[in-house]
Amino acid sequence: MREEKILLAHGSGGKLSHDLIRQIFLPQFANPILEPLDDSAKITNRQGSIAFTTDSYVVNPIFFPGGDIGKLAVCGTVNDLSMIGAIPSYLSLSLIVEEGFSIELLKQIVSSIHETAEKVGVSIVTGDTKVVEHGAADQLFINTAGIGWIRPGVNLSGLNAKPGDKILLSGCLGDHEIAILSQREGFKFQGELRSDCAPLNDLVGKMLDVYPSIRCMRDPTRGGLATTLNEIATMSNVGMTIEEDKIPVHESVKGICELLGLDPLYLANEGKLIAICPPDEAERLLEVMRDHPLGIHGELIGKVTEENSKRVILHTLIGGHRILDMLTGDQYPRIC
Amino acid sequence: MKFIDEFRDKEIAKGLIRRIQKTSTRPVQLMEVCGTHTVSIFRYGIRDILPNHIKLISGPGCPVCVTPNVDIDLAIALSRQKDVIIVTFGDMMKVPGSTSSLQKEKAEGRDIRIIYSSLEALKIAKEYPGKRVVFLAIGFETTSPTIAVAILRAREEKLHNLFFLNSQKRVPPALYALLHSQQVKVDGFILPGHVSTIIGTDPYQFIAKEFGKPAVITGFEPLDILQGIWMLVQQIEENQASIEIQYRRVVHENGNPIAINKIYEVFEKGESDWRGLGGIPDSGYRFKESYKEMDVRNFEVEVEPSKEHPECLCGEVLQGIKIPLECHLFKKVCHPENPIGPCMVSIEGTCHTYYKYQ
Numbered sequence: 001m002r003e004e005k006i007l008l009a010h011g012s013g014g015k016l017s018h019d020l021i022r023q024i025f026l027p028q029f030a031n032p033i034l035e036p037l038d039d040s041a042k043i044t045n046r047q048g049s050i051a052f053t054t055d056s057y058v059v060n061p062i063f064f065p066g067g068d069i070g071k072l073a074v075c076g077t078v079n080d081l082s083m084i085g086a087i088p089s090y091l092s093l094s095l096i097v098e099e100g101f102s103i104e105l106l107k108q109i110v111s112s113i114h115e116t117a118e119k120v121g122v123s124i125v126t127g128d129t130k131v132v133e134h135g136a137a138d139q140l141f142i143n144t145a146g147i148g149w150i151r152p153g154v155n156l157s158g159l160n161a162k163p164g165d166k167i168l169l170s171g172c173l174g175d176h177e178i179a180i181l182s183q184r185e186g187f188k189f190q191g192e193l194r195s196d197c198a199p200l201n202d203l204v205g206k207m208l209d210v211y212p213s214i215r216c217m218r219d220p221t222r223g224g225l226a227t228t229l230n231e232i233a234t235m236s237n238v239g240m241t242i243e244e245d246k247i248p249v250h251e252s253v254k255g256i257c258e259l260l261g262l263d264p265l266y267l268a269n270e271g272k273l274i275a276i277c278p279p280d281e282a283e284r285l286l287e288v289m290r291d292h293p294l295g296i297h298g299e300l301i302g303k304v305t306e307e308n309s310k311r312v313i314l315h316t317l318i319g320g321h322r323i324l325d326m327l328t329g330d331q332y333p334r335i336c
Numbered sequence: 001m002k003f004i005d006e007f008r009d010k011e012i013a014k015g016l017i018r019r020i021q022k023t024s025t026r027p028v029q030l031m032e033v034c035g036t037h038t039v040s041i042f043r044y045g046i047r048d049i050l051p052n053h054i055k056l057i058s059g060p061g062c063p064v065c066v067t068p069n070v071d072i073d074l075a076i077a078l079s080r081q082k083d084v085i086i087v088t089f090g091d092m093m094k095v096p097g098s099t100s101s102l103q104k105e106k107a108e109g110r111d112i113r114i115i116y117s118s119l120e121a122l123k124i125a126k127e128y129p130g131k132r133v134v135f136l137a138i139g140f141e142t143t144s145p146t147i148a149v150a151i152l153r154a155r156e157e158k159l160h161n162l163f164f165l166n167s168q169k170r171v172p173p174a175l176y177a178l179l180h181s182q183q184v185k186v187d188g189f190i191l192p193g194h195v196s197t198i199i200g201t202d203p204y205q206f207i208a209k210e211f212g213k214p215a216v217i218t219g220f221e222p223l224d225i226l227q228g229i230w231m232l233v234q235q236i237e238e239n240q241a242s243i244e245i246q247y248r249r250v251v252h253e254n255g256n257p258i259a260i261n262k263i264y265e266v267f268e269k270g271e272s273d274w275r276g277l278g279g280i281p282d283s284g285y286r287f288k289e290s291y292k293e294m295d296v297r298n299f300e301v302e303v304e305p306s307k308e309h310p311e312c313l314c315g316e317v318l319q320g321i322k323i324p325l326e327c328h329l330f331k332k333v334c335h336p337e338n339p340i341g342p343c344m345v346s347i348e349g350t351c352h353t354y355y356k357y358q
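Protein chains in written order, with our numbering: chain A, 1 to 336; chain B, 1 to 358.
Careful, some of the hints might be misleading.
As the list claims (entries may be wrong) - Estimated spans, in silico, between C-beta atoms of each pair:
| id | chain 1 | residue 1 | chain 2 | residue 2 | range |
| --- | --- | --- | --- | --- | --- |
| 1 | A | Lys162 | B | Arg26 | 45 to 55 Å |
| 2 | B | Gln358 | A | Glu3 | 47 to 57 Å |
| 3 | A | Glu258 | B | Arg26 | 30 to 40 Å |
| 4 | B | Glu289 | A | Leu259 | 56 to 66 Å |
| 5 | A | Pro163 | B | His328 | 33 to 43 Å |
| 6 | B | Asp48 | A | Asn31 | 15 to 25 Å |
| 7 | A | Phe187 | B | Leu325 | 29 to 39 Å |
| 8 | B | Arg19 | A | Glu185 | 41 to 51 Å |
| 9 | A | Lys310 | B | His328 | 31 to 41 Å |
| 10 | A | Ile50 | B | Asp9 | 47 to 57 Å |
| 11 | A | Glu251 | B | Leu325 | 35 to 45 Å |
| 12 | B | Asp282 | A | Glu3 | 56 to 66 Å |
| 13 | A | Lys130 | B | Glu289 | 23 to 33 Å |
| 14 | A | Lys130 | B | Lys123 | 46 to 56 Å |
Claimed, not checked - To spell it out: a stretch of chain B is covered by chain A in this simulated footprint if at least three of its residues, at any positions, have a beta carbon under 8 Å from a beta carbon of chain A; those stretches are:
| id | segment |
| --- | --- |
| 15 | 146-160 |
| 16 | 199-207 |
To be verified - Which bits of chain A does chain B cover? Going by a derived footprint, with three or more residues having C-beta under 8 Å, they are:
| id | segment |
| --- | --- |
| 17 | 250-263 |
| 18 | 287-296 |
It should be emphasised that the hints constitute simulated quantities derived from the structure, not laboratory data. Glycine included, each C-beta is placed from N, C-alpha and C at the ideal position.
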């Protein structure tokens, strides 16, 4: 049987577009807000502040160990909402599909989106599909936007770090970027390399339940831990010191970094978070983190300082120190 | 044994530092020849834990950095030719030529591909029999055997569309030129571990015998480097000069004869142009007569006249005469997003390392 492919007409707004929605999207995403299929989703307002964010996903390859572009498109936006203390509630889903893309693969991706959204507890309430000529896009690009309600009493921001605060990291660095890189370049490394792509909303919820006073949370995606810490140090006008020997990195990732001359501190993650909290909360927060499956390798990696404002200093493994700067100059392949 | 963590042990590092402090009495200037050493030294903060009177300076050991502009301009000119595919190691992409770079040419639509192994060039040549595939053969003795193998394999498989822009370099003649010019004071050399895996100790003997300087072939982990420095300091304090191996777990006195034989099946020694150092006798390889048909320098191609930015100090930096902080362009005009010279491009370039870690 010939494989079914996406045709330009699937994006025309006509019969094939409707078939695509009814046969592929609706069965997976059905919910009372989406089902009327009106031009916009109607959402009833609640009390409090809302968080609203958007992100586009162009990862290559679209399937990788530990995830696929669909899972990533849900996790990425859910994590952005979670990092400011919001409970993710609704997502929009827009696809730009290259003509000729396999309908079977599209189904797999849509099902992965459904599965991840279900796990998180977000509903896909509006969406769009466009098809472009062969060569005008690489297989499939996804955009998601998300809305969430910010937990009352929580104020997470990169502006909030204060001297004396502690810095926590939820797990091993670099898994996502190394998994993508080795998949794309066909490196055959021994051992399992999986992207850490995961929704962080539950871990964040557990942490905020215990300490709503956490100052700041960030997920170190592109640019990695080093870049994210620099952003926070600059925004909060503080310094930071980080202990290299406390930073968890899987042996396999470490090995590949050695081989390719990469630094795990600059690699992208899709299921890790950094939390900055007042010093007396750090130990208990670390316990809460480690009790969660996504935080078992959590570590207290450093502290916020008054000196060295807007700089991050790394105490190296052998007792030296160096400035940990933002990522510069390197090319980003399409990792997310 | 995990073969990484053991060589980054804090307590052993402290012990080595104590020994260096105890042994070393004179102010010395040591040159780490290899860019990988420079990166390691900065990455682990080795400069700050050494006694103040031991100074480390960086040498000409970054292959991308020492590639002269003319060769980059030639690669760019070739990429503009019809039915040519350029294949290259990734760090050549951003190196500025006289007016363009391979990265800019790629954005203009030229077919330029990044590979990770010399043998991938063969695969591409087989896949596109109607195109001329040009591999930018850049690198030191560590890379040369793999390039030679690719050439031998291409001959075996009767591939007639694979060509090489040969800009390979040999490390010892460059060190000879450096010592001979006396422009920079070097009391001892931290010699490159991986180059020496191929060539062994013999080609370095002139450093000790002719110039009376000690040298230690050193590995790349922080403990390797500290031990290498300690060995150098001991020789200096005892007025000794010999070529020692610290990196014993990898390097043998005789090097790797099989790899060396592969190189000389295809190439013979010849003069080569180095950025900053100029033409140095025997510091490169040229094709043997029987393999000349694969030399891209036979192509008829018009190359623009080469020019370098007049204020760029890469040439002096590569010789250890200047440090990047002395360059007017450093960090102001020249940064990794807008590199003026190659030392800011390569992750092993001295300017890039200073930019990232200093």
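Here is how each hint holds up against the structure:
1. Lys162/A / Arg26/B: 45 to 55 Å: 48 Å, holds
2. Gln358/B / Glu3/A: 47 to 57 Å: About 55 Å separates the Cβ atoms of Gln358/B and Glu3/A, which means 47 to 57 Å holds.
3. Glu258/A / Arg26/B: 30 to 40 Å: Because 35 Å falls inside the window, the suggested range holds.
4. Glu289/B / Leu259/A: 56 to 66 Å: This hint is violated: roughly 37 Å between Cβ atoms.
5. Pro163/A / His328/B: 33 to 43 Å: 36 Å, holds
6. Asp48/B / Asn31/A: 15 to 25 Å: Violated, since Asp48/B and Asn31/A (Cβ atoms, about 58 Å apart) do not stay within the stated range.
7. Phe187/A / Leu325/B: 29 to 39 Å: 37 Å, holds
8. Arg19/B / Glu185/A: 41 to 51 Å: 42 Å, holds
9. Lys310/A / His328/B: 31 to 41 Å: 25 Å, violated
10. Ile50/A / Asp9/B: 47 to 57 Å: 51 Å, holds
11. Glu251/A / Leu325/B: 35 to 45 Å: 37 Å, holds
12. Asp282/B / Glu3/A: 56 to 66 Å: 59 Å, holds
13. Lys130/A / Glu289/B: 23 to 33 Å: 59 Å, violated
14. Lys130/A / Lys123/B: 46 to 56 Å: 36 Å Cβ-Cβ, so the 46 to 56 Å window is violated.
15. 146-160: The restraint on the segment 146-160 of chain B is violated, since only 0 of its residues have a Cβ under 8 Å from chain A and three are required.
16. 199-207: Our answer is that it is violated, as 0 residues pass the Cβ test (under 8 Å) against chain A, missing three.
17. 250-263: With 6 residues closer than 8 Å to chain B, the segment 250-263 of chain A meets the three-residue bar; holds.
18. 287-296: violated (count 0)
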